[in-house]
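Undergrad: Those protein sequences? They're chains Z and L, same order as listed. In case it helps, my numbering puts the first sequence at residues 1 to 336. In case it helps, my numbering puts the second sequence at residues 1 to 259.
Do not rely on the hints blindly, as some may be mistaken.
[As the list claims (entries may be wrong)] Partner residues aside, some chain L positions facing chain Z, computed with beta carbon under 7 Å:
id, residue
1, T143
2, E255
3, A256
It is worth saying that the hints were derived from the structure and are not from the lab. None of these values were measured; they are calculated from a predicted model. Cβ coordinates follow ideal geometry from the N, Cα and C atoms, glycine included.
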Amino acid sequence: MSKVLIYAEIKAGKIKKSAFELASEGRKLADALGGDLGAALIGPGLESFAADLAKYGVDTVYCVEAPELETYNSEYFGQALAHLITETKPEIVLMSHTMQGKDLAPRTMQGKDLAPRTAAKLGVAAIADCISFRLEGSTLIGKRPMYAGKCFAEWSATGAPQIATARPNVLETAEVPKSGAVSKVSFSVDTDRSTYVTKELNLDASGKVDLTEAEIIVSGGRGMGGPDYTLIEEMAAIFGPRATVGASRAAVDAGWRKHSDQVGQTGKTVTPNLYIACGISGSIQHLAGMGSSKVIVAVNKDPEAPIFTKADYGIVGDLFKVIPEFNKELKAILAE
Amino acid sequence: MKSLVCLKQVPDTETQIKVNADGSGIVTDGIKYVINPYDEFSVEEALRLKEKFKAGEVVILSIGPDRCVEAIRTALAMGADRAVHVGDEALNNGDPFLVAQALAAAAANVEYDIIFCGHRAIDDDFAETGAMVAELLKIPQVTLVTKVEVSADKKTVVCERDIEGGKETVEAPLPCVVTSQKGLNEPRYASLPGIMKAKKKPIDKKTLSDLGVSPEPKLQAKNYSMPAARQAGKKFEGMEPQDVAKTVVQALRSEAKVI
Ligand SMILES: Cc1cc2nc3c(=O)[nH]c(=O)nc-3n(C[C@H](O)[C@H](O)[C@H](O)COP(=O)(O)OP(=O)(O)OC[C@H]3O[C@@H](n4cnc5c(N)ncnc54)[C@H](O)[C@@H]3O)c2cc1C
Ligand SMILES: Nc1ncnc2c1ncn2[C@@H]1O[C@H](COP(=O)(O)O)[C@@H](O)[C@H]1O
């Protein structure tokens, strides 16, 4: 029986990095509590992933299998996870605050969609979107941004188990090899409970990672002057698959970018290692959403733009002149 | 088409949030409150469904202190028919499970084909309540929805929802909980006649004990803090594009070590 359980998400035939982040954090918590770390894999035929999880400190990998768990839906997966939690009684359950992945079949999961459903089945709430954890005795304390990052608070859970979701890209990973023993858990889905079915998938040709999970974000605002984001797309492409393109609300409202690209208080709250704001003034709503990025670069022709008060590297200049040079330099340095 | 819209009143996005002296919460003096932007999308979508089916009702369900009535009236002025307001000391700063319990209990007294929640409230940012209400009512949830199409017989809904790297179209049986995402629609403004009419629309007041929900919080918050003040870093002015690009790219590698 594991004291700490993590829920591991898989995408495109690989364990997601966010699951290794959870495992590394879970390992520390389990050690402090003097117990084992378990990982849940939900869906048929996933035990081959146990070895990967073992590398990051997982003692036991629980594989919950049922034919209905081939494709994700919150109801069936919620039943499966709640069943595992009820059976194994972990004190702490960690999940990722993630969006659903694009490869629908066979197994896509979405912490953000699944955690509250599972928590409600167990009669508790989840501490959502944590950026760090600590223990007070055996009580889990999760620190989380509120008001889209305008302030933080520490939250603790009263019920059992204590469930929390973690923001991707924030927790550190550490390799701590363990056995990763596989424990198969049989489970039958209550199919009387209704759920939705997937009819169609429309995937972006780009196949880019979601904003909330990207390590590098290049964002364009009204200063882009129109829907042509070639310069910014180019920069993201130079960084590779860990980077993606974001936008300010002004750019979204102008119809230049999709709603899902919006960064800010009414868009996505992001915490990449590097945020590059191009032609974005830095409104309070935009800053709320990206102000916790590790490093911020701003390119703006107005030296008084508020974004410069937050930027680690502020470039005063015309983005149409600066970005092409920036891309050249980047290409050169990344080729080294 | 009968819709139930869960609506939260939240601080305006312009608000500069400040933490109080003992870190037990935020300073609420002088805050201007608005309808949670995602809940505005919900109100609009519910109104459009009623208009499309030329029949039905839009009921607003809101939990919070007396000030919430202002947000409720705004939704009524947009065109909603009536409201249920659950006000209870125990629900101020309630966690999502307690709030969801109260919403689900209140929903049990209302007829609905569909329930709308916002995908998240922009104050506490939990993004949990909609899924929890759905689970407590034992109905499906479809989260992060940008398009809603209800079948003519009102038995199913086809929704487009955001997923990482694209969109998914799903079909769910009704009733279900839909959580609104930006892109769903452009909410209308309340018209002057709408505002006048709203004054006479009924708001039914309830407490937790009316709903038979016991106030047992599942989560507690403490140690509120402000983000580490971000210092403005290096600013490069008046440099040639080529030089500034080289300098900053080098710094990102050797100084910031992010590339
Ligand atoms: C309820 C509500 C919610 C909101 N939520 C969000 C949100 O989630 N996210 C968000 O981003 N906004 C949000 N906003 C909008 C916000 O208030 C700002 O209007 C918006 O962020 C401005 O976008 P921007 O910086 O791209 O445009 P602007 O403020 O117009 O700034 C454009 C900048 O580009 C610079 N520029 C122009 N040309 C060039 C050039 N050639 N080279 C370099 N620089 C150039 C200009 O100097 C200027 O600083 C919200 C507003 C409201 C009312
Ligand atoms: N106090 C409340 N009253 C009514 N609806 C609420 C309340 N709190 C949350 N909700 C609903 O749940 C959604 C998500 O909230 P949250 O889970 O707090 O991010 C909101 O957009 C509302 O639709």
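Undergrad: Identify every previously stated hint that the structure contradicts and give their numbers, smallest first.
TA: Violated hint: only 2; rest satisfied.
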